[in-house]
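S.K.: So the chains spell out like this:
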Amino acid sequence: MASLVSVGRPAGHVEGPSKVTGQARYTADIRLPGLLYGKCLRSPFPHARIVSIDTAPAKALAGVHAVITGADLPNRRIGRFFLDKPVLARDVVRFVGEKVVAVAAESMDIAEEALTRIAVEYDALPAVFDPVEAMQENAPRVHTDTSAYTHPPVPDFVHPGDDRLYPDIPNVVSQVFYTHGDVEAGFAQATREFTHTFTVPPVHQGYIEPHASVVQIEPDGKVNLWLSNKTPFVARSQFAAALDVTEDRVCVNTAPIGGDFGGKGSLMDSVVCYHLAAAAGRPVKMVMTYTEELSAGNPRHPAVITLRTGVDANARIVARQARLVFSCGAYSAFTPLHTVHGSVHAAGPYRMPNVEIEVFRVYTNTVPAGHMRAPGAPQIVFGVESHMDLIARELGLDPLEFRLRNTLVEGDAAPLGEKWKKIRCKETLEAAAREAGWDTEKATHRGRGIGMYDREPGAFGPSSATLSIAADATLTLMTGAADTGTGSYTVLQQVVAQELQLPLESVRVVQGNTDSAHWEVGAGGSRLTHMAGQATLAAVRELKAGLTALAARHMESPREQVTYEAGAFVNTNGQRLALPRLMTALADREELPLRYTGEYVAEDPVEVTSFCAQIAEVAVDPATGQVTLKKLTTAHDVGTILNPLTHQGQVEGGAVQGVGHALTEHLIVQDGAVTNVHLGDYKLPTAMDIPELKTVLVKSDAGPAPYAGKAIGEHSNVAVPAAVANAVFDAVGVRLMDLPVTAEKVYAALREKNSVVKSGA
Amino acid sequence: MKSIQLRVNGQSVERDIPDNTLLIDLLRNGLDLTGTKEGCSVGVCGACTVLLDGQPVSSCLTLAVTANGCAVTTIEGLSEGHRLHPLQKAFIDYGGFQCGICTPGQIMSAKALLDENPRPSKDEIQNWMMGNLCRCTGYYKIIESIQAVADGKVAS
Chain A
4 MASLVSVGRP
14 AGHVEGPSKV
24 TGQARYTADI
34 RLPGLLYGKC
44 LRSPFPHARI
54 VSIDTAPAKA
64 LAGVHAVITG
74 ADLPNRRIGR
84 FFLDKPVLAR
94 DVVRFVGEKV
104 VAVAAESMDI
114 AEEALTRIAV
124 EYDALPAVFD
134 PVEAMQENAP
144 RVHTDTSAYT
154 HPPVPDFVHP
164 GDDRLYPDIP
174 NVVSQVFYTH
184 GDVEAGFAQA
194 TREFTHTFTV
204 PPVHQGYIEP
214 HASVVQIEPD
224 GKVNLWLSNK
234 TPFVARSQFA
244 AALDVTEDRV
254 CVNTAPIGGD
264 FGGKGSLMDS
274 VVCYHLAAAA
284 GRPVKMVMTY
294 TEELSAGNPR
304 HPAVITLRTG
314 VDANARIVAR
324 QARLVFSCGA
334 YSAFTPLHTV
344 HGSVHAAGPY
354 RMPNVEIEVF
364 RVYTNTVPAG
374 HMRAPGAPQI
384 VFGVESHMDL
394 IARELGLDPL
404 EFRLRNTLVE
414 GDAAPLGEKW
424 KKIRCKETLE
434 AAAREAGWDT
444 EKATHRGRGI
454 GMYDREPGAF
464 GPSSATLSIA
474 ADATLTLMTG
484 AADTGTGSYT
494 VLQQVVAQEL
504 QLPLESVRVV
514 QGNTDSAHWE
524 VGAGGSRLTH
534 MAGQATLAAV
544 RELKAGLTAL
554 AARHMESPRE
564 QVTYEAGAFV
574 NTNGQRLALP
584 RLMTALADRE
594 ELPLRYTGEY
604 VAEDPVEVTS
614 FCAQIAEVAV
624 DPATGQVTLK
634 KLTTAHDVGT
644 ILNPLTHQGQ
654 VEGGAVQGVG
664 HALTEHLIVQ
674 DGAVTNVHLG
684 DYKLPTAMDI
694 PELKTVLVKS
704 DAGPAPYAGK
714 AIGEHSNVAV
724 PAAVANAVFD
734 AVGVRLMDLP
744 VTAEKVYAAL
754 REKNSVVKSG
764 A
Chain B
5 MKSIQLRVNG
15 QSVERDIPDN
25 TLLIDLLRNG
35 LDLTGTKEGC
45 SVGVCGACTV
55 LLDGQPVSSC
65 LTLAVTANGC
75 AVTTIEGLSE
85 GHRLHPLQKA
95 FIDYGGFQCG
105 ICTPGQIMSA
115 KALLDENPRP
125 SKDEIQNWMM
135 GNLCRCTGYY
145 KIIESIQAVA
155 DGKVAS
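For the record, the sequence lines run as chains A and B.
Just so you know, the numbering used here puts 105 at position 102 of the first sequence, and the rest follows in order with no gaps.
Just so you know, the numbering used here puts 26 at position 22 of the second sequence, and the rest follows in order with no gaps.
Next comes chain B alone, as it looks inside the complex:
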């Protein structure tokens, strides 16, 4: 067992957890933050993407103890009350999701991209987003959604 302290979506969290606890299980089972989804469980599909100190990680491959002392942002931490983050709004308006299972991971990856590079080219978006699989959209509208935010077309 290990004692860890972290901030999740701005809230302080303290937990005693077994060393082998995965970050995704801490979030989903320990904190009931089920917006983070588990798809492939091997760090390929990107559905479980969260931000660890601002960097996108696969929470299914990340031991929760490595988040000790860090800030974790999940999809639940993006909107402010009922006000959607521009990426969230864009994914609705531009058809960036269908079934929605990969969407939290897509949006978290896109947020990490725009935080680092607010005006990415289409190629840069495509390249960055290749770690997030989507089986519904064929990616075109995901790219359009992110491009729309980058181009300032979407107000929050």
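Chain A with its partners taken away, still in its complex shape:
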């Protein structure tokens, strides 16, 4: 392979100039002639029958162009996989914040005024908010009849289990099992058994760009759609299904996405926006307020996690049983198909021969839950890694030592049977421990805690890329994948520049809309560097093959005697034709444009995973319970790093999201309603809240991405909450079983501990 000239070097975002100058037009920035503004009236009840809706005074308001209710729309339900959510509520509302009436008006002020003139009469119904309560026989039913709800068939996943959709358990959407070995036989070998239950509340993705949608309907009915969505082609499919039209009648246009973190993969307001545009006969824009985001977005699933583990006399794990209950809220429309993917991490990166994981996804009268950075994993790993610490302490072992005895090593089968190659779990943990000074002395009320996680690079669905040489001899890579801010455009640019041995700036990168780009799954599941990267490599191969023939003609050499080396075509006589010169010659002869498309589908499962070990060091104020995260060490088992700048950006940004999840973030739900509904009350970390961060990279040479790269996007956020909770225990001896680790909870736990000590004395 030629030396790495572009790949492996830090490169600023290719789209940087448009973002730092304010020229980049996000969806909310789009302006169109005749544009109206849409707004929704939302339910104030967690569960109620809609008795009547009077929209006449709203319709009479000057400047209002459309007012629609569920009764005005076709009776079709929408969603990502499960189609169970009405566009506007029909007859029943099932969560506080559900959309009931939509208006479109000349200005946002008029739209908001119109909402105040709508009268809805509700008849309250019994509601249920806790997923475990919702599974009881006497629980109110969130949906009384699910027989009409449709969903695609359950895919045959890596760990096929006995999966049941809508089993005969109240409010349960899905019940999924992952098993390996014989868990009861395993517990029979155990000398000690431990069972703990943990809870994790809902949290918001915290992107700074609220969801926005713009719909314009052309005279022939074709729909132009802009929306904050990271998977335009998937959105097109879902949107076309929602309208019951063929996909060619919809074009999803491109706009930068102002933060995703898993939350920007749904249709959100776009379908109601379409119906407003259709009713008004004018284009409509809808932008959610941040209050709407926090109260009715698609937050991370709250979870109740029960773990039971058996260990033998040598402190080796012999069996693990997990029961995971996720609340998906009032609808399953934003959620993964049949499970919450992170559930597979209930065993952790540890050797254990017998595992049984049972996962429930349960309807409750709360805001529908969705995806967020490593969906399911941060909740599960908080439980798993806290549980590991609890067991270590009970066994009288150092938490590091207990983990080192059980971590996967090369040659081990993972708990669910995966045979990962190049396992670097122990090495990563040891590297983190060294950097964090695990064995060094700590001041009073200081503590250290460990969290572990592993995740394989994403591999699902097809990716594609098109390289074109325009009539003016410029080279452009077109991708159908949105860059959500991770730097995917830049990585793809680096791949092209690397392969063609050209300067980075000679490769333009554009994102095509769904009419112009080839089908592409898009961003998600840490897949783009791998999948779009490989598709880009394939496009380069096509381009080289095509241009070699043209270069041979130009050089008057037989094609088989021409090769491409270091930016030029070379024939066996040693004659060189630089690529830019060939392109100029083709332009002069009017033989341009040329297009070469590469496609990629991962035929085989990914063979490697990436381990992450994190160690938090906290200081706890025993008088107040205040926890200060002093230092966070994050160690990662990495392959070739294509762009060190953006790779580190993922590590840092993820880690600080983990800090928020650990210490401050929590959608507080009371009687079904989120009560901290603005960013003053929902506490995202600020620049003052970040710890000293130490990143350790443990290099490996295996990965499915181009140049043996792996993935990094959904690693550093996951284990931070567990590391922090374990550090708090290490510092002051109190154990928090639910997130976030707030001063109030630590203070209460300290008081309880001290009173127990006193009463025992």
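Just so you know, the hints here were simulated from the structure itself, not pulled from any lab data.
Only a predicted model underlies this, so the values are computations on that prediction, with no experimental measurement involved.
Just so it is clear, CB atoms sit at the ideal spot from N, CA and C, and this is done for glycine as well.
Careful: at least some of the hints might be erroneous.
[Said to hold, decoys possible] Partner residues aside, some chain A positions facing chain B, computed with beta carbon under 8 Å:
#1 Thr24
#2 Arg28
#3 Arg34
#4 Gly209
#5 Tyr293
#6 Leu403
#7 Gly490
#8 Leu648
#9 Ile693
[As the list claims (entries may be wrong)] Capping the alpha-carbon separation at 16 Å, the derived lysine to aspartate or glutamate pairs in EDC-like fashion look like this:
#10 A/Lys633 x B/Glu18
#11 A/Lys429 x A/Asp415
#12 B/Lys126 x A/Glu695
#13 A/Lys547 x A/Glu563
#14 A/Lys425 x A/Glu413
#15 B/Lys6 x B/Glu18
#16 A/Lys702 x A/Glu413
#17 A/Lys633 x A/Glu444
#18 B/Lys126 x A/Asp692
[To be verified] Reference listing, derived: stretches of chain A covered by chain B, where coverage requires no fewer than 3 residues with Cβ under 8 Å from a Cβ of chain B:
#19 225-237
#20 256-263
#21 480-489
#22 655-661
Based on these hints, arrange chain B on the given structure of chain A.
M.R.: Showing chain B alone in chain A's frame:
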């Protein structure tokens, strides 16, 4: 309605606006300066930060009438033609943004800091920038970007 006169990025602007018009709406809807972004709408996230007579303000909390007679600088007013302001260049080269939605506000806040204190310490940068939320970067590279400009490492 009120008649207001102000200078926006050096250009004179005269408008008749309803009294309750917010500065952010005047900029974004009235003047098509959509580089100023709206995030939280309650003055917490800092995405809408602009300079009012050189001072950073949340334009989502500022009535446009209060800008009467003032100079407003937005992100669009920072670069000179294609020549980026050193802060803009630094945010690209040092990875100070990812998705970019908070970036105009970050850069405007950073400009106000450096205008007042050209050689801030890391602590001073952190303290000053706490009013601008970023969910992508974890702030480390934002701080590095500003530090690089303060240290004279970035030519415009």
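S.K.: Could you run down the list of hints and mark each one as holding or not?
M.R.: Against the structure, the hints come out as follows:
Annotation: A/Thr24 was flagged as interfacial toward chain B, and the flag holds, the nearest CB pair being 5 Å apart, inside 8 Å. For A/Arg28, the interface hint holds, since its Cβ comes within 8 Å of a Cβ in chain B; the closest pair sits about 6 Å apart. At a threshold of 8 Å, the smallest CB-CB gap from A/Arg34 to chain B is about 7 Å, leaving the interface hint in force. Among the interface hints, the one on A/Gly209 holds; its C-beta lies about 5 Å from the nearest C-beta in chain B, closer than the 8 Å criterion.
Satisfaction of the interface hint for A/Tyr293 is found here, the shortest Cβ-Cβ separation to chain B being roughly 5 Å, below the 8 Å cut-off. Annotation: A/Leu403 was flagged as interfacial toward chain B, and the flag is violated, the nearest CB pair being 26 Å apart, outside 8 Å. About 7 Å separates the beta-carbon of A/Gly490 from the nearest beta-carbon of chain B, less than 8 Å, and the hint is met. Contact between A/Leu648 and chain B, as hinted, is supported at the beta carbon level, the nearest pair being about 5 Å apart and thus within 8 Å.
Of the supplied interface hints, the one on A/Ile693 holds, with its beta-carbon coming within about 5 Å of a beta-carbon of chain B, less than 8 Å. Of the supplied pair hints, the one linking A/Lys633 and B/Glu18 is violated, its CA atoms being roughly 51 Å apart against a limit of 16 Å. Between the alpha carbons of A/Lys429 and A/Asp415 the distance comes to roughly 12 Å, so the proposed pair stays at or under 16 Å and holds. Taking the CA atoms of B/Lys126 and A/Glu695, the gap is near 12 Å; set against the 16 Å cutoff, the hint holds.
The straight-line distance between the Cα atoms of A/Lys547 and A/Glu563 is roughly 13 Å, inside the 16 Å bound, and the hint therefore holds. Our distance criterion of 16 Å between C-alpha atoms is met by A/Lys425 and A/Glu413, whose separation comes to about 6 Å. Distance check on the hinted pair: B/Lys6 and B/Glu18 sit about 11 Å apart at the alpha-carbon level, within 16 Å; holds. Simply put, A/Lys702 and A/Glu413 have alpha-carbon atoms about 15 Å apart, close enough for the 16 Å limit, and the pair holds.
Simply put, A/Lys633 and A/Glu444 have alpha-carbon atoms about 15 Å apart, close enough for the 16 Å limit, and the pair holds. The hinted pair formed by B/Lys126 and A/Asp692 meets the criterion: a straight-line CA distance of about 14 Å does not exceed 16 Å. With 0 residues having a beta carbon nearer than 8 Å to a beta carbon of chain B, the region 225-237 of chain A misses the requirement of three or more and the stated coverage is violated. Only when three residues or more bring their CB closer than 8 Å to a CB of chain B does the claim for the region 256-263 of chain A stand; here the count is 5, and the claim holds.
Coverage of the region 480-489 of chain A by chain B holds [criterion: at least 3 residues with CB-CB distance below 8 Å; count 3]. Check on the region 655-661 of chain A: 6 of its residues sit with their Cβ under 8 Å from a Cβ of chain B, so the three-residue criterion for coverage holds.
The structure fails hints 6, 10, 19 (numbered hints given earlier, in ascending order).
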